[in-house]
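Number of protein chains: 2
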Amino acid sequence: MSTPFTLYKTFCTLFNKNRRSDEATTALLELCESALSVLHELDKRELISKVAGKTYFSFDNGVRTSRPINTALFDESGGAAKLFMEKLLHNAVTDLSSDDITSACYTIAMSFISLIDVEKQGDQKTPGTYFEYFICHLFARSFGVDPQTRINVLNLDRPASLPTDWIFDLGKGQPKFHLPVKTSTRERVIQVWAHQRVLDGVYGVGRFIGTLACLAETKLDSRTREVVEICLPDQWRIYQMFIAQLQRVYYLDVPKPYEPLSRDFPRIHVKPFGVFFHELEELCSG
Amino acid sequence: MSTPFTLYKTFCTLFNKNRRSDEATTALLELCESALSVLHELDKRELISKVAGKTYFSFDNGVRTSRPINTALFDESGGAAKLFMEKLLHNAVTDLSSDDITSACYTIAMSFISLIDVEKQGDQKTPGTYFEYFICHLFARSFGVDPQTRINVLNLDRPASLPTDWIFDLGKGQPKFHLPVKTSTRERVIQVWAHQRVLDGVYGVGRFIGTLACLAETKLDSRTREVVEICLPDQWRIYQMFIAQLQRVYYLDVPKPYEPLSRDFPRIHVKPFGVFFHELEELCSG
Numbered sequence: 001m002s003t004p005f006t007l008y009k010t011f012c013t014l015f016n017k018n019r020r021s022d023e024a025t026t027a028l029l030e031l032c033e034s035a036l037s038v039l040h041e042l043d044k045r046e047l048i049s050k051v052a053g054k055t056y057f058s059f060d061n062g063v064r065t066s067r068p069i070n071t072a073l074f075d076e077s078g079g080a081a082k083l084f085m086e087k088l089l090h091n092a093v094t095d096l097s098s099d100d101i102t103s104a105c106y107t108i109a110m111s112f113i114s115l116i117d118v119e120k121q122g123d124q125k126t127p128g129t130y131f132e133y134f135i136c137h138l139f140a141r142s143f144g145v146d147p148q149t150r151i152n153v154l155n156l157d158r159p160a161s162l163p164t165d166w167i168f169d170l171g172k173g174q175p176k177f178h179l180p181v182k183t184s185t186r187e188r189v190i191q192v193w194a195h196q197r198v199l200d201g202v203y204g205v206g207r208f209i210g211t212l213a214c215l216a217e218t219k220l221d222s223r224t225r226e227v228v229e230i231c232l233p234d235q236w237r238i239y240q241m242f243i244a245q246l247q248r249v250y251y252l253d254v255p256k257p258y259e260p261l262s263r264d265f266p267r268i269h270v271k272p273f274g275v276f277f278h279e280l281e282e283l284c285s286g
Numbered sequence: 287m288s289t290p291f292t293l294y295k296t297f298c299t300l301f302n303k304n305r306r307s308d309e310a311t312t313a314l315l316e317l318c319e320s321a322l323s324v325l326h327e328l329d330k331r332e333l334i335s336k337v338a339g340k341t342y343f344s345f346d347n348g349v350r351t352s353r354p355i356n357t358a359l360f361d362e363s364g365g366a367a368k369l370f371m372e373k374l375l376h377n378a379v380t381d382l383s384s385d386d387i388t389s390a391c392y393t394i395a396m397s398f399i400s401l402i403d404v405e406k407q408g409d410q411k412t413p414g415t416y417f418e419y420f421i422c423h424l425f426a427r428s429f430g431v432d433p434q435t436r437i438n439v440l441n442l443d444r445p446a447s448l449p450t451d452w453i454f455d456l457g458k459g460q461p462k463f464h465l466p467v468k469t470s471t472r473e474r475v476i477q478v479w480a481h482q483r484v485l486d487g488v489y490g491v492g493r494f495i496g497t498l499a500c501l502a503e504t505k506l507d508s509r510t511r512e513v514v515e516i517c518l519p520d521q522w523r524i525y526q527m528f529i530a531q532l533q534r535v536y537y538l539d540v541p542k543p544y545e546p547l548s549r550d551f552p553r554i555h556v557k558p559f560g561v562f563f564h565e566l567e568e569l570c571s572g
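Order-wise, the sequence lines are chains A and B. The first sequence: position 216 = 216 (this note's numbering), numbered continuously. Quick note: to get this note's numbering, add 286 to the position in the second sequence (first position is 1).
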């Protein structure tokens, strides 16, 4: 039987061949189900949540502990993930509610990522790559176009191009999406606004819709077993006012301190990830 | 006798008490001399330089190898460092040529940093902190004012402040300097332009003079022992055009690919570190 790590390699190969193939979708589901079945054999340890209204646990193999997992969002049965992937294959994701999409995607992301946490000491790279590929695959299927990761920058004297996060160009007269993907942001997030600023400067404000997609901002103190969320809402407001404007920030596990950002000025619309699929048309026409 | 690591702690304590005291200057020199005497006992290994016109070596304790050291800039005798520190104590640094200042400062930075490389496996933090404190101490003494690391951001509804790199406010009618310090930049450098953009947006363009200070951009391939410089001049040009404008970039070991940036458009004035002391007045009045 294939292990999650060989299934991950298969998914990467398929994704790199075709960003939005049915084969990649199927491989993702197999990977998720395989990871869930391995996790099923591990101990679950309750954590002390310092986040109001949320509870967290982690998987533990006796040597290492996974990052915190949101109990309400994680569907260990795999049922939500399976249903979501079936809908995705038939391009009918919006048959599901935003909450169901968010929970399914959280499970697909977290199942393999928490397995990496317990099985591969100090591997920071694989969770990031997996999450980026997973989210990009979903967006590519939803937009129906392949992403670019480099765009031309007009210049008087010399041709130049800028490496970027995922960029989706929906074609003539349609919007273009700038889609950075991060498992967590911390102090590196200023890069996202700076890249948006470059796109605005080169192509004009409003041509690229900046949508940041993140997993969570939780942090586990391994000594006390306490879970907190590391957030910088005041700095986000400054970036949104003085560097560039992001249209949306989607989280699989929306951090509490970012919830008020969509009500205050400057508005930063932070929403659960599943909402994207239901507001995609509105975003495109807005 | 005190080891370099206890002398480093002494320097940090003094620096955190007073950014520009004579005691901190003296502690720095002791640290440099102590590090040089330890390094003197280690093997020196020649490296294969892939950088035209520069040669590099590294120190080796049989277990670990230091980062590459520029042969022409590093003065193992400690004479240049001692002379520079004496001049610094008497606020007479400009008695020395730019080249002599650069070489002395390179030696003071590299002596302790290369010792950390060989003695402390995987310690990335201490070299960065040491370099930042060292450079800040030099600038604070030169400007004659203490730096801030947080500035107020005006806002209609709420008070907010932004954590920044070192900021030197020379007072009413005088310029303010925004001084980020990095041992190397790589892909994180976009943060520097983004912070400059925030300062420009909040206080107006031209109020803060952005001056980035860096050590080097060399990279050692431990297998082949080849030294290369990792540079992104095309991306720097894009940041300089579309995010904000840095007035100066000072390097202790100026990377070859950044040399032409001061001749092309958009101009980015990349200069050897020692030049700063000789053009400080011009920068202030410019």
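These are calculated hints, taken from the structure and not from any lab test. Treat each hint with caution, since some may be false.
As the list claims (entries may be wrong) - Listing some non-contacts, in silico: residues in chain B with all C-beta distances to chain A over 12 Å: (1) A338; (2) K373; (3) R483.
What the hints assert, rightly or not - Computed from the model, here is a short list of chain A residues facing chain B with C-beta under 8 Å: (4) L14; (5) F74; (6) G78; (7) V145; (8) I151; (9) V153; (10) R186; (11) F242.
Ideal Cβ positions, reconstructed from N, Cα and C, are used throughout, including at glycine.
Tested hints:
Every C-beta of chain A lies more than 12 Å from that of A338 (chain B), the closest at about 22 Å, which supports listing it as non-interface. With a minimum CB-CB distance of about 37 Å to chain A, K373 (chain B) clears the 12 Å threshold, and the non-interface call stands. Listed as a non-interface residue, R483 (chain B) fails to keep its Cβ farther than 12 Å from every Cβ of chain A; the least gap is roughly 5 Å. With a cut of 8 Å, the hint placing L14 (chain A) at the interface with chain B is violated, because the nearest CB-to-CB distance is about 28 Å.
Violation of the interface hint for F74 (chain A) is found here, the shortest Cβ-Cβ separation to chain B being roughly 32 Å, above the 8 Å cut-off. About 37 Å separates the beta-carbon of G78 (chain A) from the nearest beta-carbon of chain B, more than 8 Å, and the hint is not met. Interface hint status for V145 (chain A): violated, as the beta-carbon distance to the closest one in chain B is roughly 25 Å, over 8 Å. For I151 (chain A), the interface hint is violated, the least distance from its beta-carbon to any beta-carbon of chain B being 11 Å, above 8 Å.
The criterion of a C-beta within 8 Å of any C-beta in chain B is met by V153 (chain A), whose closest approach is roughly 6 Å, and the hint holds. Below 8 Å, beta-carbon pairs count as interface contacts, and R186 (chain A) has none with chain B, the closest being about 12 Å; its hint is therefore violated. A distance limit of 8 Å between C-beta atoms decides the matter here; for F242 (chain A) the minimum to chain B is near 3 Å, and the interface restraint holds.
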